[in-house]
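Protein chains in written order, with our numbering: chain P, 5 to 727; chain Y, 5 to 727.
Hints are not guaranteed to be accurate.
Listed next, the stretches of chain P that the computed footprint assigns to chain Y, with coverage defined by at least 3 CB atoms under 8 Å from CB atoms of chain Y [said to hold, decoys possible]: (1) 294 to 306; (2) 455 to 463; (3) 519 to 530; (4) 618 to 624; (5) 658 to 669; (6) 708 to 722.
Keep in mind the hints are simulated off the structure, nothing from the lab.
Beta carbons: idealized from backbone N, C-alpha and C, even for Gly.
Each chain, letter by letter, is given below.
2 protein chains.
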Amino acid sequence: MPSPSEEIRSTGGDNMNLDRIFHAESVAIIGASKNEAKQGYQAIRTLLDQKFEGRVYPVNPKENSILGLKCYSSVLDIPENIDLALITTPARTLKDILIECSEKGVAGAVVIAGGFGELGEEGKRLEEELVADAKGIRIIGPNTFGMINVAKGLNLVGLQNVPEGNIALLTQSGNIALNVITEANLKSQAGFNYYVGIGNEADIKFHEYLEYFTEDSNTGIILIYVEGLREGRKFLQQASKTTQVKPIVLYKSGRSAKGSKSAGSHTGALAGISEVSQSAFKRAGIIEVDHPGEMFPVTETLALLPMLKDNSIAILADGGGHATIAADYLTEMGIRLPELEKETRDKLCAILPPNASLENPIDVAGGADQNPAIFADCAEILLDDKNIHGLLIVGLFGGYGILFSQQLAFIEEDAAHLMGKLMESSAKPIVLHSLYNYAKPHSLELLRYYNIPVYDSLEIACKCIGALSVYGSYRREYGKESNFKLNWGSKAVSEGQEIIDNVLAEGRKVLLEYEAKELFRLQGAPVFRDYLATSADEAVSFAEKLGYNTAMKIVSPDIMHKSEAGGVMLGLKDEPAVREAFNTIINSCSDYKPGAEIRGCLLSKMSEKGIETVIGMKTDDQFGPTVMFGLGGIMVSVMKDVSFQVVPVSEYWARAMVDEIKASVIFDGFRGRPPSDKEAIVKLIQKVSEIAQAYPSIREIDLNPVIVHDQGLTVVDARVILK
Amino acid sequence: MPSPSEEIRSTGGDNMNLDRIFHAESVAIIGASKNEAKQGYQAIRTLLDQKFEGRVYPVNPKENSILGLKCYSSVLDIPENIDLALITTPARTLKDILIECSEKGVAGAVVIAGGFGELGEEGKRLEEELVADAKGIRIIGPNTFGMINVAKGLNLVGLQNVPEGNIALLTQSGNIALNVITEANLKSQAGFNYYVGIGNEADIKFHEYLEYFTEDSNTGIILIYVEGLREGRKFLQQASKTTQVKPIVLYKSGRSAKGSKSAGSHTGALAGISEVSQSAFKRAGIIEVDHPGEMFPVTETLALLPMLKDNSIAILADGGGHATIAADYLTEMGIRLPELEKETRDKLCAILPPNASLENPIDVAGGADQNPAIFADCAEILLDDKNIHGLLIVGLFGGYGILFSQQLAFIEEDAAHLMGKLMESSAKPIVLHSLYNYAKPHSLELLRYYNIPVYDSLEIACKCIGALSVYGSYRREYGKESNFKLNWGSKAVSEGQEIIDNVLAEGRKVLLEYEAKELFRLQGAPVFRDYLATSADEAVSFAEKLGYNTAMKIVSPDIMHKSEAGGVMLGLKDEPAVREAFNTIINSCSDYKPGAEIRGCLLSKMSEKGIETVIGMKTDDQFGPTVMFGLGGIMVSVMKDVSFQVVPVSEYWARAMVDEIKASVIFDGFRGRPPSDKEAIVKLIQKVSEIAQAYPSIREIDLNPVIVHDQGLTVVDARVILK
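One chain only, chain P, in its complex shape (with noise of 0.2 Å):
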């Protein structure tokens, strides 16, 4: 029977637990010091400082007080009941310090200590050590910066001023939370109800977080910086829970080689293939930006703006410059600029200048610097379009006081007050850009107030809109499709198994041709039937039965390259022919490696001609199976056209993963050649995917080639390798 504290553990998420450490009434800072360096002091001072609601105990056997509080020498002496422990002394101080909480009936420890799972094996192994020592005390980190309870005033970082809100902010390094926080002090009047350092994830992992934060009520939407997760699957698993209720905008760094090794060093995680994570991340909804920069502005406009219900938008402007930029970012996200509706233009028209552009992107063309008040004008107009779904203003406005005369500035303030209930009203979202943001205009601190959220950049403006376009489209269209679940053993075939069986008995790791290819014959993929002859005459009758036009190749457990032995012959139309070729192989084969066990050919029919593809399956370091796609040759090894998706994978994200690819139009019957019967490579990656489930002894299969014809494909090589 399992001890009490694993059970708790082992739900995968103790909100019981959590929710004692993000509400914390008491709290002990072990290593609590007077270096006003040291955290162990800028921890004391900040809880003193923001008012934090509990009870705060200095432990440090050296001193008396720190800060006017008594100091404690163990957390054994406290009189009260703690709910959360800050440690800040070093790693080998730990065990012993983990013991006494333990027996002080401590729920959480936040550990700052490094030293761990981000230098190696070994410090993976400490890692354990330090969870086991814990018994049940749930673990933030090690290797933290510490968690917040903004509202509370629980906050064990140290850091001043962090802006109040509804954003839960998750982080794997310090810097990164450092940034977001002073960014929306800055810019923003969002702010944030909980930060977590996540650190190592030795014990409390980024899902359970997220299920927490979930939830939690107060929590509007969810931003993570992530270098790698310990436990990718449950992740996903959660992440398109979270995301059915409330976005989670996510940045991932670690992409180039030196980045992961910076990474590693860093977090202990590893750093996955951003291509797997980028279609798994899209798959569970979650908001992934290109840049750090981003992750914040991105959080504040889902935080605040409705979604775009549909993927077209006007851009309105003053002068060229930036309407043309806007239009090139906004085109290469996928967001149209359709035409404007007879009436839109008349009205426009009415009202604008004649040099004005009428058309999708507007520009005002001089027609501001009068009356900026004609944008709120025009965006009534323009919201007021059946085609237009929202709405971006790029340029200048908030000014035009600025720049003109001072009398303008009041009618920018009028026209942001108009523009902020237009939105309320229209229900359609207004992002504005504005090159004087910077002076901080009265009319731009009014659009913040109603959640217009304004930017500086051309581009982080148009990625805001983007992010509304993309989880718009995810809560709409696609989002029933984001199951992330592994049934393990479902749909086995006991036949199927028993070739496994048969292989690993024989001490091998990877299934004979014939025997992959009747594990998906087995499975209901469509393989053609091969025959597997031990003598000439053998395969003379086969051949009959195939009708000839066939391919031999050797069956060998000890030849891995079978066309380098001589082990192929393709094209045997005759009975002299495939006898010679029997003879041949086998001799060949015996020259090239003597002694090998040969079990005889394998004679299958030569496939007709189509198009070449590959499918394959390998297991992740992050997510595990993971199923691709992509042509033949040079496509996947030099072009990297590939696309990826993790087990399970239903018909919607198989034919995802076939449009997803460069060269798909292909299939669609290129220069003159017949379509491609595209449904046919749909239903095999699902199968691929079918057979990792059914046999989690499986590593890596390798369908390649898959040869797709007008009407069906052929797989014309198979191979399979187990764990």
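Assemble chain Y onto chain P, guided by the hints.
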């Protein structure tokens, strides 16, 4: 004989007139106004405010005086010579005004009015009239924002607070200029000497401004925003001269269809295919930035810092997050983060805490929390390493005094002095990212005093180091290869010209395959000898000459799609096959298009196996003849894995074209195949470039496919289209 004004114009860079414009002593403001919102008011106000050194003459028949200056009815009434006229009146008034200006001997006119080439062909015609009416007065614009000489206070834009410096700013958008100037004001000590709103380039072209600013010793660097170039070829020629002495930074918009549309209505310039301009700009040594937000920072960095002597730098961080992200960016840009020398690591080890990372990126891991001067110590050690040629410091520097205690701010200031002097003594660039930049700590101001740029965006700091790397490579490595001069007619062969003349004489625009191949053969390209047979007997005798295994193709000016017409037969191995093929082709083509003029059949040797490539030439709207290279099939049409270079393509750039495509590794012997004859492609690309120059009437060339063998290559089909 040309008129004197035409003679001046024909020099393509009339510096004397441009000098009278940019250093005008007397300026007429035609369309002067008392309305504060009009440029005719703002320009006068600004000239007075900024203490313009010369004389200002308002011109407006309806006013007696404006802002205390006497107002004239006509420019002819002004009692002094006029160097420059700012004309703010509408398009329809320009003709009369320019006639008066010409009579007055005005050197240049800034024409604000729009309604010209940006509206289409009719507008372009009006522009030509405008230039004709100006009779040699050089025109900036029309459709411009104006121009500024900052040092002289000659500011015709009405923009206040333009910071002075050595950057010449040329833009095709007023609000992009505003953007850049606003940013300089806010965040930098760098500034501008000139600003020019290029407008429609009706008269003075980009390359003329470029030439002027190249010769101007006060200009250190040129920053350009361009939507489209009217004379792209001349621009490249001048730019490649300019970048030998000073850098050019450029941002080009109008990449998307919508963006181009907006650009079209903005400046009336043609937005080109971005791949062509990218390769041309790179070859000219221009630093092209990807986002508008990079324009000013990259310019500032290049203006202030030495180039990288080698593309290898160190990253210095406090905490892993920023280091990881920076390593990602730099690696993607091709900048190396080399291993440190043992001596360097030992020195770092002696001063950094035990958990610090001594591998590049270097992480001081909290080692600065009590002593931020450690950044200066590390910087000195790192720049002393012979493998390290520059330093990027990321994260918190400037903020330790804010985060921890006021005393640390003084230590940071000391470190700033040390790093400033270190950059000077080492002659290696230092760029700093600080998330406390916005708080304007004194230490960061000190860094700027020493010309160390400081950015709050990590991406942008990386892009800036990247620009130092690119410009360094250009000046060291490929700067001497940037020749853009076209020698029309050079290396033309008289028999080649005869072929073209005959085609034109027959009223055709397309050369027949054998004509095209003959043209290439005459030019010394490695094209097999083909034979035109007019009877089956002739076909047989030619096939014998070729040694059989021949291809046969119909020759008819009336049949474009030879295969479709049944006009192609391949792999003919003996006499009966050749004889039958001839008759079949002739009959089939006669059926396909009754009455078609049939000249016979072309016989050629079948190509051996190899890699299928395409070499083409097209006439680019902005840059003229441009050579394209890529792999055959979907690699060009779907994957767009192609490279471009404008003619003339030297050996260096021909090789760059081959190496530049993603699939290029295939030539090195992909998966066991022998390497292909890359040098043969390099030679053929140069040959295509040579032919494009030799025969100016050629508009397009398409060699498709070109089969590349282990030794040599085969041009299977050739197509040449005339203008």
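Hint by hint, here is what the structure shows:
no., hint, verdict
1, 294 to 306, "holds (count 3)"
2, 455 to 463, "holds (count 3)"
3, 519 to 530, "violated (count 0)"
4, 618 to 624, "violated (count 0)"
5, 658 to 669, "holds (count 3)"
6, 708 to 722, "violated (count 0)"
Of the numbered hints listed earlier, those contradicted by the structure are 3, 4 and 6.
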